[in-house]
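Engineer: Sequence:
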Amino acid sequence: MSAFMSVFASLVEHLADALDPLFHASATAAAIVLFTACVRLLVHPLSRASARGQKARAKLSPQIAELRKKHGKNPEKLQKAVMELHRKEKVSPLSGCLPSLFQLPAFFLLYHLFSNSSIGGEANTLLDHTLFAAPLGGRWADALSDGGVFGAQGLVYLGLFAIVAAVATFNFRRTKRQMAANPQPGTGAGDQPMPGMAAMTKVMPLMSFMTLFTVAVVPLAAALYVVTSTTWSAVERAVLYRDMPSGAGALATAA
7 MSAFMSVFAS
17 LVEHLADALD
27 PLFHASATAA
37 AIVLFTACVR
47 LLVHPLSRAS
57 ARGQKARAKL
67 SPQIAELRKK
77 HGKNPEKLQK
87 AVMELHRKEK
97 VSPLSGCLPS
107 LFQLPAFFLL
117 YHLFSNSSIG
127 GEANTLLDHT
137 LFAAPLGGRW
147 ADALSDGGVF
157 GAQGLVYLGL
167 FAIVAAVATF
177 NFRRTKRQMA
187 ANPQPGTGAG
197 DQPMPGMAAM
207 TKVMPLMSFM
217 TLFTVAVVPL
227 AAALYVVTST
237 TWSAVERAVL
247 YRDMPSGAGA
257 LATAA
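Take the sequence shown: its position 79, counted from the start at 1, is 85 in this note's numbering, and no numbers get skipped.
Here are the simulated DSS-like cross-link-like pairs (lysine-lysine), alpha carbons at most 30 Å apart as the crow flies:
| # | residue 1 | residue 2 |
| --- | --- | --- |
| 1 | 182 | 75 |
| 2 | 86 | 96 |
| 3 | 79 | 65 |
Pairwise CB distance ranges (calculated):
| # | residue 1 | residue 2 | range |
| --- | --- | --- | --- |
| 4 | 154 | 44 | 32 to 38 Å |
| 5 | 123 | 80 | 56 to 62 Å |
| 6 | 44 | 216 | 21 to 27 Å |
| 7 | 161 | 79 | 56 to 62 Å |
| 8 | 89 | 245 | 28 to 34 Å |
| 9 | 66 | 154 | 49 to 55 Å |
| 10 | 48 | 8 | 21 to 27 Å |
| 11 | 123 | 248 | 43 to 49 Å |
| 12 | 80 | 161 | 55 to 61 Å |
No lab work stands behind these hints, which were simulated from the structure alone. We put the CB at the ideal spot given by N, CA and C, even for glycine.
Just need the whole structure built from these sequences, with the hints factored in.
Structural biologist: Here's what the structure looks like:
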């Protein structure tokens, strides 16, 4: 693991050196943004496959509604029937999770790299690199103790929070519109709500705002990854799901 982290640190340093003529002191931060964009490009085929899966599942909604009417009083039989329908139509109910799962290793790499004072037995010099005034190895708590909310470091985090809030608001409004337009997945036999669905419907549009908490507690380098990836996701989903039936992409938007 130590040798692997040394190679990854070297990759980040080489990217930063290449970007130094353009970004100077913030070249390492720019390298992290570029690394994030590369990861998202690699994951994009999975995102496209996820969108196709969502569209396929949307087309199955009438058949699933019929299955609910038929097996609504027998949840186990209903689950088996739905799974058989997915299998018959070659639709994977888990395809929407794959893009997020494949990004986790990249996030944890950055988290680990900028959370350790030494890499491969040598001092981790990347911790001293900055985004404007804020060290990439620092956290929001460090910024608050060095100048407060409106100090030089604090303003960097306020900028990131503003971006995350704007993206989360965009996702919130889009998810609310989609879920309001297509409420039938939350009904069971006799048009009674499925257990837990009401709470999920209320919470799901708010999930994007959890990113604010992540940005506040992880090292700034990892926060940059999260902000860049979240922004990319919002744009990507708006494009990939633009021609889906209303409400069909609500789960994907909140993911």
